[in-house]
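Participant: Under my numbering, think of the first position of the sequence shown as 9, with each following residue one higher.
Check the hints yourself; a few may be wrong.
[Claimed, not checked] Label pairs and their calculated CB-CB ranges:
| # | residue 1 | residue 2 | range |
| --- | --- | --- | --- |
| 1 | Asp-52 | Ala-499 | 34 to 44 Å |
| 2 | Gly-344 | Arg-204 | 49 to 59 Å |
| 3 | Lys-248 | Arg-137 | 25 to 35 Å |
| 4 | Pro-410 | Glu-646 | 20 to 30 Å |
| 5 | Asp-455 | Glu-45 | 42 to 52 Å |
| 6 | Val-267 | Pro-528 | 51 to 61 Å |
| 7 | Arg-121 | Leu-25 | 55 to 65 Å |
| 8 | Asp-606 | Arg-218 | 54 to 64 Å |
Read the hints as simulated data drawn from the structure, not as lab findings.
No residue lacks a Cβ here, since even glycine has one placed at the ideal position from N, Cα and C.
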Amino acid sequence: MTATTVHPPEPLEPATLTLARQATARATRHLLDRQDEQGWWKGDLETNVTMDAEDLMLRQFLGIQDPATLQAAARYLRSQQREDGTWATFHGGPPELSTTIEAYVGLRLAGDRPDAPHMAAASAWVRERGGIAKSRVFTRIWLALFGWWKWEDLPELPPEIIYFPKWFPLNIYDFGCWARQTIVPLTIVSARRPVRPAPFPLDELHTDPRRPNPPAGPAPLASWDGVFQRLDRALHAYHKVAIRPLRRAALRSCARWIVERQENDGCWGGIQPPAVYSLIALRLLGYDLDHPVMRAGLASLDRFAVWREDGSRMVEACQSPVWDTCLATIALADAGLPPDHPALVKAADWMLGEQVTRPGDWSVRRPALPSGGWAFEFHNDNYPDTDDTAEVILALRRVRHPEPERVEAAVRRGTRWTLGMQSRDGGWGAFDVDNSSPLPNRLPFCDFGEVIDPPSADVTAHVVEMLAHEGRAQDPATRRGVAWLLAEQEADGSWFGRWGTNYVYGTGSVVPALVAAGVPASHPAIRRAVRWLESVQNEDGGWGEDQRSYPDRQWAGRGASTASQTAWALMALLAAGEREGKAVERGITWLAETQQEDGSWDEPYFTGTGFPWDFSINYHLYRQVFPVTALGRYVNGEPALTRPRRS
Numbered sequence: 009m010t011a012t013t014v015h016p017p018e019p020l021e022p023a024t025l026t027l028a029r030q031a032t033a034r035a036t037r038h039l040l041d042r043q044d045e046q047g048w049w050k051g052d053l054e055t056n057v058t059m060d061a062e063d064l065m066l067r068q069f070l071g072i073q074d075p076a077t078l079q080a081a082a083r084y085l086r087s088q089q090r091e092d093g094t095w096a097t098f099h100g101g102p103p104e105l106s107t108t109i110e111a112y113v114g115l116r117l118a119g120d121r122p123d124a125p126h127m128a129a130a131s132a133w134v135r136e137r138g139g140i141a142k143s144r145v146f147t148r149i150w151l152a153l154f155g156w157w158k159w160e161d162l163p164e165l166p167p168e169i170i171y172f173p174k175w176f177p178l179n180i181y182d183f184g185c186w187a188r189q190t191i192v193p194l195t196i197v198s199a200r201r202p203v204r205p206a207p208f209p210l211d212e213l214h215t216d217p218r219r220p221n222p223p224a225g226p227a228p229l230a231s232w233d234g235v236f237q238r239l240d241r242a243l244h245a246y247h248k249v250a251i252r253p254l255r256r257a258a259l260r261s262c263a264r265w266i267v268e269r270q271e272n273d274g275c276w277g278g279i280q281p282p283a284v285y286s287l288i289a290l291r292l293l294g295y296d297l298d299h300p301v302m303r304a305g306l307a308s309l310d311r312f313a314v315w316r317e318d319g320s321r322m323v324e325a326c327q328s329p330v331w332d333t334c335l336a337t338i339a340l341a342d343a344g345l346p347p348d349h350p351a352l353v354k355a356a357d358w359m360l361g362e363q364v365t366r367p368g369d370w371s372v373r374r375p376a377l378p379s380g381g382w383a384f385e386f387h388n389d390n391y392p393d394t395d396d397t398a399e400v401i402l403a404l405r406r407v408r409h410p411e412p413e414r415v416e417a418a419v420r421r422g423t424r425w426t427l428g429m430q431s432r433d434g435g436w437g438a439f440d441v442d443n444s445s446p447l448p449n450r451l452p453f454c455d456f457g458e459v460i461d462p463p464s465a466d467v468t469a470h471v472v473e474m475l476a477h478e479g480r481a482q483d484p485a486t487r488r489g490v491a492w493l494l495a496e497q498e499a500d501g502s503w504f505g506r507w508g509t510n511y512v513y514g515t516g517s518v519v520p521a522l523v524a525a526g527v528p529a530s531h532p533a534i535r536r537a538v539r540w541l542e543s544v545q546n547e548d549g550g551w552g553e554d555q556r557s558y559p560d561r562q563w564a565g566r567g568a569s570t571a572s573q574t575a576w577a578l579m580a581l582l583a584a585g586e587r588e589g590k591a592v593e594r595g596i597t598w599l600a601e602t603q604q605e606d607g608s609w610d611e612p613y614f615t616g617t618g619f620p621w622d623f624s625i626n627y628h629l630y631r632q633v634f635p636v637t638a639l640g641r642y643v644n645g646e647p648a649l650t651r652p653r654r655s
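Whole structure, please, built from the sequences with the hints as guidance.
Facilitator: See the structure below:
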């Protein structure tokens, strides 16, 4: 008899790891299939129906309404109406007064009768909540354009503020970039106070049509509200006696400021609100609709429209190709795609071509700083941001590009610019430096959401993570950023998320950054974060957080499980060394079991943030890129970038 060598059986792979590998492979294929031929990715950016309603009101004001657009937009507005007749600002959220008023007006423009059941339900709800008088300022501005509200009953903001020096309180650079781009054209509108013939009355939206704006008592003089209320009265008085030559010069200066900031594709800042107000303002100053500036602006708005299979038309507030592309590149690389894969190289090529190489508004406070950042959108050279810049650099470092010196040069420029954008306190805002004055948020005019851009934990974390991977973990700027992050941790162990919802996003951003910067996983701040994430994990194994966590801290970490938020929590736990922990196993299993057959995830919930609570976003690619990143890091370990860290 001959002896037979018996080999021990190969150890079985843990079931969770097998699930993760399979889910990663499916998701990777799905994400690759969504890449554009030019190399970029872009998911729909869904907000709320005020974008659609205001687009219709703009077209009515300019006299360019067309039946096809009107009916397609109305179809979308109706599809978003809730059973009680109202509209919300995010999926599953509470009804919102201004949103409901604007959607109602949009449907009236489309021909829906006020006595139709869905319209009567909406108007009844509006009256119960105080009517138009209780809506936000921007809603009443839109209504004033058609005589549905009196200009005299709106807060005043004169165009002369364009002359305030940058050191003067409430100069335009005290406002965040999105706010200043909106406010400058609105000062023109406020000064001219136009009224187009109303196509119908809106008496049904007033509690008492005979007294549409019941007088309110004055706020206490010793309060900020009282101070700014009286300032607004003074500005109304100034409107009547404004020095005409100065007013005309201010209007011309505002117009020049607007035109100088129009992008090559016709938009303003790559976002919809400044575009609509800029078009109205320039029209009031005599710009014909055939003027090249107006033609390009109107054409750019058409590019924000998403035509759906059911024939409806949704207007995006913004488009996010740079952001989506860098996140998709990171996800695919971390999922195991070879660094020289053609899809990654093509994405890197496209991102390299999007680097901003000229000064923008950020130069007002950093005039000596060379440019080199990346913006969020296809065209937005005036407003690159530190968040996109950090993530683009992290993405480029995951690609083995055939022209490495080109990548090196771009990364050097981007890193230098980002370092120069650090605020005095050690953190980073998104678009500007030290944009932290509390005064703009106090203005009666500014009730439409956040109007300043102070440092935030999520942006600072992404910058710190990028600097650490660039070998700058011990640089004084990075250490100040780390100290700022540690100081900003909440008592429960979480971090506030400014640009994503909310504490799950903040924590999911900060923990990987701190670990990358050398903070050990055993550090008390990391341990507190881990405990908090474990404490808010849902019974089904996922994580979720509702937008209501912004006004109400009791909602922190609470909400239906979503793919993107589950991924953020997993990215933090994996960075903290919790790969073998029960929470990670349950989270990975939830992702694998909720994945759809085509490799994607369904996510109706809004997990992105424009203005905390006031303006929520559903980034349709978040449900894909972040789960791929988390699954990839679970399968392959923490990412190894193609360029070694410097000592």
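Participant: Decide, hint by hint, whether the structure agrees.
Facilitator: Status of each hint after checking the structure:
no.	hint	result
1	Asp-52 <-> Ala-499: 34 to 44 Å	holds (37 Å)
2	Gly-344 <-> Arg-204: 49 to 59 Å	holds (58 Å)
3	Lys-248 <-> Arg-137: 25 to 35 Å	holds (33 Å)
4	Pro-410 <-> Glu-646: 20 to 30 Å	holds (26 Å)
5	Asp-455 <-> Glu-45: 42 to 52 Å	holds (44 Å)
6	Val-267 <-> Pro-528: 51 to 61 Å	holds (53 Å)
7	Arg-121 <-> Leu-25: 55 to 65 Å	holds (60 Å)
8	Asp-606 <-> Arg-218: 54 to 64 Å	holds (58 Å)
Hint check: no violations occur; every hint is consistent with the structure.
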